[in-house]
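Protein chains: 2
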Amino acid sequence: MTPAEQQRRGPGRRPGAADTRGEILAAARSEFAARGYDASSVRGIARAAGVDPALVHHYFGTKEQVFVAAMALPFDPAERLPQVLAGDPSQLGERLVRLFLSIWAEPDFRAPMLGMLRSAFTGEQGATLLREFVGTALLGRVAQAIGPVDPLRVQTAAAQMVGVVILRHVVRLEPLASADEEEIIALVAPTVQRYLVG
Amino acid sequence: MTPAEQQRRGPGRRPGAADTRGEILAAARSEFAARGYDASSVRGIARAAGVDPALVHHYFGTKEQVFVAAMALPFDPAERLPQVLAGDPSQLGERLVRLFLSIWAEPDFRAPMLGMLRSAFTGEQGATLLREFVGTALLGRVAQAIGPVDPLRVQTAAAQMVGVVILRHVVRLEPLASADEEEIIALVAPTVQRYLVG
Numbered sequence: 004m005t006p007a008e009q010q011r012r013g014p015g016r017r018p019g020a021a022d023t024r025g026e027i028l029a030a031a032r033s034e035f036a037a038r039g040y041d042a043s044s045v046r047g048i049a050r051a052a053g054v055d056p057a058l059v060h061h062y063f064g065t066k067e068q069v070f071v072a073a074m075a076l077p078f079d080p081a082e083r084l085p086q087v088l089a090g091d092p093s094q095l096g097e098r099l100v101r102l103f104l105s106i107w108a109e110p111d112f113r114a115p116m117l118g119m120l121r122s123a124f125t126g127e128q129g130a131t132l133l134r135e136f137v138g139t140a141l142l143g144r145v146a147q148a149i150g151p152v153d154p155l156r157v158q159t160a161a162a163q164m165v166g167v168v169i170l171r172h173v174v175r176l177e178p179l180a181s182a183d184e185e186e187i188i189a190l191v192a193p194t195v196q197r198y199l200v201g
Numbered sequence: 004m005t006p007a008e009q010q011r012r013g014p015g016r017r018p019g020a021a022d023t024r025g026e027i028l029a030a031a032r033s034e035f036a037a038r039g040y041d042a043s044s045v046r047g048i049a050r051a052a053g054v055d056p057a058l059v060h061h062y063f064g065t066k067e068q069v070f071v072a073a074m075a076l077p078f079d080p081a082e083r084l085p086q087v088l089a090g091d092p093s094q095l096g097e098r099l100v101r102l103f104l105s106i107w108a109e110p111d112f113r114a115p116m117l118g119m120l121r122s123a124f125t126g127e128q129g130a131t132l133l134r135e136f137v138g139t140a141l142l143g144r145v146a147q148a149i150g151p152v153d154p155l156r157v158q159t160a161a162a163q164m165v166g167v168v169i170l171r172h173v174v175r176l177e178p179l180a181s182a183d184e185e186e187i188i189a190l191v192a193p194t195v196q197r198y199l200v201g
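One line per chain: the protein sequences are A and B, in this order. Using our numbering, the first residue of the first sequence is number 4, and each one after it goes up by one. Using our numbering, the first residue of the second sequence is number 4, and each one after it goes up by one.
The shape of chain A in the complex, shown without the other chains (with noise of 0.2 Å):
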């Protein structure tokens, strides 16, 4: 997307470049995490990893864009959903809930999802990526894999997830923010199973 990033990955790379990539996407998922998406900037991204503002605009482009290179690293959908779609249908409620719950137990991947939320609860900005990042990555990827099935299914799916992680690690209500991954699983899985395949 970054023509400048285009140019810039040919031979004259300079050496250290992956280095210096790895602790801007570092430092802009804390920045995202702690401030949110409309709080958060170039400027305060380069400060946070101790590098010039050009250079963020170098590697990445817009904030945006830097945003979105710091969600693919922990999960790329179009990676690991395809996987997780294919085999046993009549498993894969529980393929999905034990991937979400599993992803979202890294602070890796949860820190900027949560960064991600809170900039959809604060601004319409936030709200426009969480939802093309969920309905293009996630759920536009589900119902391609399964085959024709009413969208409002597939989010209503989406939802008990989505609901089941705020609580257990936003708002942290026990026993769900304790409970044992396969606890959860056993009582979810049904239920994305239901929505999903019927």
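FYI, nobody ran anything at the bench for these hints, they're computed from the structure. The structure displayed is predicted, hence computed values, not measured ones. Virtual Cβ for every residue (Gly too), placed ideally from N, Cα, C. Among the hints, erroneous ones may be present.
What the hints assert, rightly or not - Negatives, chain A to chain B, calculated, CB over 10 Å:
#1 Glu26
#2 Gly90
#3 Glu97
#4 Arg98
#5 Ala162
#6 Ala182
To be verified - Among the chain A residues that face chain B by a calculated CB cut under 7 Å, a handful are:
#7 Pro56
#8 Arg121
#9 Arg134
#10 Thr159
#11 Pro178
#12 Leu179
#13 Leu190
Starting from the known structure of chain A, arrange chain B on it as the hints suggest.
Below, chain B without anything else, positioned relative to chain A:
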């Protein structure tokens, strides 16, 4: 709701009562924010407002009612939930989902609830307040009404409804955002029913 308050709303209300109410509410907001729901008390709120605890009871009633007033919630769980929890247990899921969707459809309710949820995303204080309020005023009441039920099942049911309103009203994912309430109820009520009643 408060008989004492209703009596008080007569012609004999003393001058300056509105200010006293306002001062009590301001004190209540500070107390709830500083201590959380469970550790706050009518006595502590009265002390912070510089009035007698009897006056707090007189204007608002219980701690829960002070909270509902302080948070400007146009939904008093003590009033609306018991109606829904009574009645045919085989329709409980439907009644709960219908109530939940209808109160979230009211902007006057949605605004303070989203504020509370947003604050849960931005700081431990907000999360604590929401956790305790949801736990005590809402889920505790559900568990009390329907008899012995695994709290995890009540919370998973709540998670389904919370997820729906977040995707519907915050992320505004289509078609969920514009879906007819009855269509959502038809999908979600059996899930809530299954969690709560089996």
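So, going through the hints one by one against the coordinates:
Listed as a non-interface residue, Glu26 (chain A) keeps its Cβ farther than 10 Å from every Cβ of chain B; the least gap is roughly 26 Å. At roughly 24 Å from the closest C-beta of chain B, the C-beta of Gly90 (chain A) stays outside 10 Å, upholding its exclusion from the interface. Separation of Glu97 (chain A) from chain B is adequate, the least Cβ-Cβ distance of about 15 Å exceeding the 10 Å criterion. With 10 Å as the threshold on Cβ separation, the claim that Arg98 (chain A) sits away from chain B holds: the shortest Cβ distance comes to roughly 18 Å.
For Ala162 (chain A), the shortest C-beta to C-beta distance to chain B comes to about 3 Å, within the 10 Å cut-off, and the non-interface label is violated. A beta-carbon of chain B comes within 10 Å of the beta-carbon of Ala182 (chain A); the shortest separation is about 6 Å. Hint on Pro56 (chain A) is violated. Least Cβ distance to chain B is approximately 25 Å, over the 7 Å limit. Interface restraint check for Arg121 (chain A): the shortest CB-CB distance to chain B comes to about 4 Å, inside 7 Å, so the restraint holds.
Checking Arg134 (chain A) against chain B: minimum C-beta separation of about 5 Å stays under 7 Å; hint holds. A cut of 7 Å between beta carbons decides the hint on Thr159 (chain A): the least distance to chain B is about 5 Å, and the hint holds. Contact between Pro178 (chain A) and chain B, as hinted, is supported at the beta carbon level, the nearest pair being about 5 Å apart and thus within 7 Å. Because the closest C-beta pair between Leu179 (chain A) and chain B is about 4 Å apart, less than 7 Å, the hint holds.
Against a cut-off of 7 Å between C-beta atoms, the interface hint on Leu190 (chain A) holds, since the closest Cβ of chain B lies about 5 Å away.
Comparing the model with each numbered hint stated earlier shows that hints 5, 6 and 7 do not hold.
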